[in-house]
Structures are given as structure tokens and as C-alpha cells.
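**Student:** Below, each chain spelled out in residue letters.
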Amino acid sequence: AQKVTQAQTEISVVEKEDVTLDCVYETRDTTYYLFWYKQPPSGELVFLIRRNSFDEQNEISGRYSWNFQKSTSSFNFTITASQVVDSAVYFCALSEARRGNTGKLIFGQGTTLQVKP
Amino acid sequence: DAGVTQSPTHLIKTRGQHVTLRCSPISGHKSVSWYQQVLGQGPQFIFQYYEKEERGRGNFPDRFSARQFPNYSSELNVNALLLGDSALYLCASSAHQGAGGNEKLFFGSGTQLSVL
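In the order they appear, the protein sequences are chains A and B.
Heads up: the first sequence begins at -4 in the numbering used here, then just goes up one per residue.
Heads up: the second sequence begins at 8 in the numbering used here, then just goes up one per residue.
Any given hint could turn out to be false.
Said to hold, decoys possible - Residues from chain A that face chain B, not an exhaustive set, calculated with beta carbons under 7 Å:
| id | residue |
| --- | --- |
| 1 | 37 |
| 2 | 38 |
| 3 | 86 |
| 4 | 102 |
Said to hold, decoys possible - Calculated pairs, DSSO-like style, for lysine-lysine (alpha carbon to alpha carbon, straight line, at most 30 Å):
| id | chain 1 | residue 1 | chain 2 | residue 2 |
| --- | --- | --- | --- | --- |
| 5 | A | 111 | B | 59 |
| 6 | A | 33 | A | 11 |
| 7 | A | 65 | B | 111 |
| 8 | B | 59 | B | 111 |
| 9 | A | 111 | A | 65 |
| 10 | B | 20 | B | 59 |
| 11 | B | 37 | A | 111 |
| 12 | A | 33 | B | 20 |
| 13 | A | -2 | A | 65 |
| 14 | A | 33 | A | -2 |
| 15 | B | 37 | B | 59 |
| 16 | B | 37 | B | 111 |
| 17 | A | 11 | A | 111 |
| 18 | B | 59 | A | 33 |
| 19 | A | 33 | A | 111 |
| 20 | B | 37 | A | -2 |
| 21 | A | 33 | B | 111 |
| 22 | B | 111 | A | -2 |
FYI, nobody ran anything at the bench for these hints, they're computed from the structure.
Cβ atoms here follow ideal geometry from the backbone N, Cα and C, with glycine treated the same way.
Chain A on its own, in the form it takes in the complex (with noise of 0.2 Å):
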């Protein structure tokens, strides 16, 4: 079955400081996605990245950076510098590689993030 772990319930920091959100999944799948999405107190999910299972390649957009290892099955998430806007809950997501599937993705149970300024 696929599973998707995301260990801390609560982070709370303070402005400028560095945090890395964990992410941990399980799948039988070769081929799969993941993705992480943020979720602001407004509710929609905003997407921030997708990666399949085959590119293991670590990825930055400015302050955010991505940490792949499949060896551990993780997908780890790393904001830089962290300001009071980036307070949100962020939910991690595993999709599987499966030809008609365009919507259905299985969530970890998210990580409040909480800057204090």
C-alpha cells in the first residue's frame, strides 16, 4: 500500500532561521510522483514542486530547495531563511504512475509551519 509519513506535526521558528520538513513515503511502484504542496490559512493547496521517482537530482527555486533520496524514500523539503509569509501548513504527496490517473494523490498528514518574526 502506498503510505506517505510526515513525522512532525509542528515546527515553529523564528524569522531567518533555516527549516527542513520530512517526508517520508512507501510504495511498491518503480515509477511514481511527489510533490509538495503548501496550504495557506485561505485553505486552497498552492503546488510547489513535482518530482518523479527517477530523477533523484536535488532542486532549488530561491529559497526553497528539495532533497530526493530514494535509497531512504524520502522527499525532504528546506526553506532558507524563512519568513513570517511562509507560515502555512505544508503537505507532502505521493501519486502513482498509472495511465488515467490525473488527480489522485495520497497526502501525508502535513507540517504546520509557524515564523515568528
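Put chain B on the given structure of chain A with help from the hints.
**Tutor:** Showing chain B alone in chain A's frame:
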């Protein structure tokens, strides 16, 4: 361009009642998915529709049903409401079927359903 829109924003119902939630995808998007998010948890997949056909169903009872219309908008219906149905219901749309699994989903702000 408008994003994914959902209505109503908030809804209060009593046990045993029926509810209909509505979703309009981004213009040009043909795929709609529904998720239930209970407070403090991650979204749980309910349904996926593409070109008006059900393409996926999550582990939810038959009290939950959905449909997609020719204009690609969608409705989620829940019958015989239970207290445990209280949640944020999210709709997401995506552009096309593609190879499957790698679609970037665009989410609406959800409908907050409270069952008393």
C-alpha cells in the same frame, strides 16, 4: 483567468440531511478531483473525473457520489450525513490526462461542511 471555484464556501447541515457541493474547474481543464480534509489531517481522495467519466474512487461509502457535466464542472453529493462528514471538501482540476500520475493539480479554497 479564474482559478478553481467552489460553492458554497461554508455550509451547516444536520445529521441525515443531504448536501450538494459544486466546483468549476479552471477554463480548459477537463479533469476534476474531490478530496475530503478533516481538521488536522491531510486531504483524502474521494473521486476523480475526466471527460465526464469516473476514473477513480477512494475508500468512501456509497453515500458519496459525484458527477461531471459537459462544461466540466462537477458536483459532489453526500447523502445521510453523519457527524464524521464534517470537513473541508476540496476540488482540484488539471489540464489533461497525460501519461498519468504527474498532473499538477490546482485546488479551490474548499467548502467547509459542518454537520450538527
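**Student:** Hints broken by the structure, by number, lowest first?
**Tutor:** 5, 9 and 11
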